[in-house]
Amino acid sequence: MREEYGREAFSELVGRGRVHRRFYTDPAVFAEEQARIFRRVWLWLGHESQLKRPGDFFTARLAGERVIVARHADGAIHAFHNRCTHRGAEVCLAAAGNARSFVCPYHAWTYRTDGSLASVPLEQGYGAEFRGRMAGLRLEPVARVASYRGFLFGSHAAEGDDLETYLGPEVRAAFDNLVERAPEGEVELAGGKTVQRYRGNWKLQLENSIDLLHPRILHRSAIDAADRVDHGGGPPSIEWDIVKSNGLTLREWDGMRIAAMPRGHCWMAGFLTKAIDENPLQARYRKIMVERHGGKLASEILAFNRHNTIVYPNLFVNSRVAQIRVLQPVSVDCTEQHGYIFRLKGAPDEMFEASVRMVNTNNSPSSIVTSDDHEIFERIQRSLAGGRHEWVDLSRGLEEEEAAVGTNELPMRNQHRAWAQYME
Amino acid sequence: MSLERWHRVQQFLFHEARLLDERRLQEWLALYAEDAEYWVPYAWEQKSPKDHVSLFYETVTLLRMRVDRLERELSPLDSPPSRVNHYLSNLTVDEHGTELEARAYLLFAEYRREEQRWFAGRASWRLRPQGESFLIGAKRVDLLNADQDSGHLRFAVPF
Chain A
1 MREEYGREAF
11 SELVGRGRVH
21 RRFYTDPAVF
31 AEEQARIFRR
41 VWLWLGHESQ
51 LKRPGDFFTA
61 RLAGERVIVA
71 RHADGAIHAF
81 HNRCTHRGAE
91 VCLAAAGNAR
101 SFVCPYHAWT
111 YRTDGSLASV
121 PLEQGYGAEF
131 RGRMAGLRLE
141 PVARVASYRG
151 FLFGSHAAEG
161 DDLETYLGPE
171 VRAAFDNLVE
181 RAPEGEVELA
191 GGKTVQRYRG
201 NWKLQLENSI
211 DLLHPRILHR
221 SAIDAADRVD
231 HGGGPPSIEW
241 DIVKSNGLTL
251 REWDGMRIAA
261 MPRGHCWMAG
271 FLTKAIDENP
281 LQARYRKIMV
291 ERHGGKLASE
301 ILAFNRHNTI
311 VYPNLFVNSR
321 VAQIRVLQPV
331 SVDCTEQHGY
341 IFRLKGAPDE
351 MFEASVRMVN
361 TNNSPSSIVT
371 SDDHEIFERI
381 QRSLAGGRHE
391 WVDLSRGLEE
401 EEAAVGTNEL
411 PMRNQHRAWA
421 QYME
Chain B
1001 MSLERWHRVQ
1011 QFLFHEARLL
1021 DERRLQEWLA
1031 LYAEDAEYWV
1041 PYAWEQKSPK
1051 DHVSLFYETV
1061 TLLRMRVDRL
1071 ERELSPLDSP
1081 PSRVNHYLSN
1091 LTVDEHGTEL
1101 EARAYLLFAE
1111 YRREEQRWFA
1121 GRASWRLRPQ
1131 GESFLIGAKR
1141 VDLLNADQDS
1151 GHLRFAVPF
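Chains as they are written, first to last, in this note's numbering: chain A, 1 to 424; chain B, 1001 to 1159.
In case anyone wonders, no lab produced these hints; they're calculated from the structure. Keep in mind that the hints are not guaranteed to be accurate.
Unchecked claim - Within a straight-line C-alpha distance of at most 30 Å, the following computed DSS-like cross-link-like pairs (lysine-lysine) qualify:
| id | chain 1 | residue 1 | chain 2 | residue 2 |
| --- | --- | --- | --- | --- |
| 1 | A | Lys296 | B | Lys1047 |
| 2 | A | Lys274 | A | Lys296 |
| 3 | A | Lys345 | B | Lys1050 |
| 4 | A | Lys52 | A | Lys345 |
| 5 | A | Lys244 | A | Lys345 |
| 6 | A | Lys345 | A | Lys274 |
| 7 | B | Lys1050 | A | Lys287 |
| 8 | A | Lys274 | A | Lys244 |
| 9 | A | Lys287 | A | Lys274 |
| 10 | A | Lys345 | A | Lys287 |
| 11 | B | Lys1050 | A | Lys274 |
| 12 | B | Lys1047 | A | Lys52 |
| 13 | B | Lys1050 | A | Lys52 |
| 14 | A | Lys345 | A | Lys296 |
| 15 | B | Lys1050 | A | Lys244 |
| 16 | A | Lys287 | A | Lys244 |
This one's a predicted model, so the numbers in the text were calculated from it and none came from an experiment.
Start from the sequences and build out the full structure, keeping to the hints where you can.
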C-alpha cells in the first residue's frame, strides 16, 4: 500500500475545498497519521487531580500505546510505557490507584513510581554486564510530559513546540476559563467517564463537532421529541434543555461565531439555551463568584461564551460546562470518544450533578443526540468504501474565509490543512 | 410471598419485556409511575446516578422523548428498526413495605443492520401493587460489561 503514495501524495488527498475519500478509508493513511501526527503532537493524558498523593497513578492511552502516569515520592509526575523491560508484560492492570511500586506479575521485576527498576529476583543469575546497567533500566519514559494549569499532556516526540506554544493563546484561554469558573480556582476530574464507540474514521467526529449546519437537520427527531413531550407538570429538566438547544434555526446557526487557529485548532461560540444559564442554581453560583472575585472579574469569567474549543487532533474542551472529550482512534474505521467531567471547587454540588446529567445526555452510548451523529459516520464510512466519486466536498464558504461565521466549513478545512502539513 | 404473588410478578415482568420486544412502546411507558426512574449505571455496583455518569438515567419525561423518536422513525439511528428480545430468569421477589422488589438476570439480544449483539446483566424493579397488577417505580439494569474501556456502540431500545 505504502508505495502507492509518494512523499507528496498524502498531502494530495487534501484538495481545495475537498478531500479524497481515502483520507477516511485507507489503512495506510491511518498508519501514517499515527506516525506523523499522533506520535508528534501533544496529546491529553489526564488531570493532576487524579494524582493527589505520592504513589497515585492512572493508566491512559497515548497515540494508542498504554502508559502509566504516576506521582513519585518526590512529588514529580512521570509517564512511562506500561510494558516490563524484561519480557514485555503489562506491569499494571488497574485503571487507577495508589502504589508503592509496580511489580510485573510474570517474574516480579519491580519498578519505582518514577519508572526506575528497583529490583529483579535472583539478581546474581545475571552477569556483570547486566548488573552494571541495571541501575539505568526503567520503564520506557514517555518522551515529554507537561502540564497546563493542571491538565496533563504527553508527547512521543522528544523535540517540538513546548506545550504552551502548541496550544496557543486561544486554546489556553479555554483551559484558563474552565479553571477560573471554579470559585476556588481549582477543578477536579470526577464522576467517571463515558466511552462511545463508532465504526468510522476519527476525523468524521472532528469535523462534526464544528459543523453548525447539521444540528438542526440531523438532530431533528430529538428536537421534535423535546418540543412535543409532556413534562408531567414539572419544570423542564437539564436533559431536555440540552436536547432543545440544538433547535436553533439555520439562520441562527449561521450567525454564530467560529474561529480557526494555527495548527488546526478552532472554536465555536456557545449556544446553550437561556434556561441553562438563567435558573436559580446559576443565580446561586453567580453570587458565589461575585462574592469571591467582585462583580467585574466574575462577569468577565462568566461572559466567556464558547461551546467546543477543538484542539487538533483529538481534544474537545468545553469550558462553560466543565467537560472535555477525547478521541482515541482505534483503526481507520473505528474510533472511541471518551467524555470527562470536572468538578468546580467551591461551586454548589448541584452544578456537578447537572454536568453529570449533561454528559449522560450528550455522551453516553444511549444519547438521543450523538447516537445520530455516530450513525451518520458509519453510513459515510460504508459508502466511501466504493463508488465512482472519489472526492468529498468541504467547500462551503471557501470564498468568504476572512469573515467566516456559522456554517462556513473553514474550521474543517483548517483541520485538513494542518493534516496536510503534518503528512507532507 | 405466596407462589401466586410471585407468579403475578413474573407474568408482569414478562409482559413488560414483551411490550419492548413487540415495540408497543406507549403501552410499555404506561407501566411506569409518573415519578419512576429508569437507570442503567456505568460503574459496577454504582451507588448513585447523581455523582457519576450513567449509561441511562432517565425520568419518564426522558423516556417519552426516547420512545417518540423510536416510534416516529425519523431518527437515522433506528431505521430500519432494530429487533430485540429480552430474556428473564432467576427471578426473586421481596416485599419492602407497600412495594415489592423483583430481581432477575437479564439477557438482551439485539439485531440491527447485519449485526446481532448480546448483553447480559442483572435487573431489578421496584413495583407498586395496583389491583391485580403493578406500576414500576424504578428499574435498574447492571450490565456485566457496563464499564468496559473500549466503550459501547450506541443503544437505541431500552434494556
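Measure nothing beyond the straight line between the CA atoms of A/Lys287 and A/Lys274; if it is 30 Å or shorter, mark the hint as holding.
-> The hint holds at about 18 Å.
Given the hinted pair B/Lys1047 and A/Lys52, is their alpha-carbon gap at most 30 Å?
-> Measuring from Cα to Cα gives roughly 23 Å; hence the hint holds.
Distance restraint between A/Lys345 and A/Lys274, which requires alpha-carbon spacing of 30 Å or less = Holds. A/Lys345 to A/Lys274 sits at ~24 Å (cutoff 30 Å).
Holds or violated: B/Lys1050 to A/Lys287, with C-alpha atoms at most 30 Å apart | With a Cα-Cα distance of about 24 Å, the restraint between B/Lys1050 and A/Lys287 holds, given a limit of 30 Å.
Would the pair A/Lys274 and A/Lys296 pass a check requiring their Cα atoms to be no farther apart than 30 Å?
-> holds, 21 Å
Starting from B/Lys1050, check that the Cα of A/Lys244 is at most 30 Å away, please.
-> holds, 22 Å
When you check the alpha-carbon spacing of A/Lys345 and A/Lys296, does it fall within 30 Å?
-> holds, 20 Å
Is the Cα-Cα distance between A/Lys244 and A/Lys345 30 Å or less?
-> holds, 29 Å
Agreement of A/Lys345 and B/Lys1050 with the hint, judged by alpha carbon distance not exceeding 30 Å = holds, 17 Å
Has the given pair, A/Lys274 with A/Lys244, been kept, meaning a C-alpha gap of at most 30 Å?
-> Given pair A/Lys274, A/Lys244 holds - Cα atoms ~11 Å apart, limit 30 Å.
Holds or violated: A/Lys287 with A/Lys244, Cα cutoff 30 Å?
-> holds, 27 Å
With a cut-off of 30 Å on the C-alpha distance, tell me whether B/Lys1050 and A/Lys52 pass.
-> Roughly 23 Å between the alpha carbons, so the hint for B/Lys1050 and A/Lys52 holds.
Comparing the model with each numbered hint stated earlier shows that hint 1 is the single one that does not hold.
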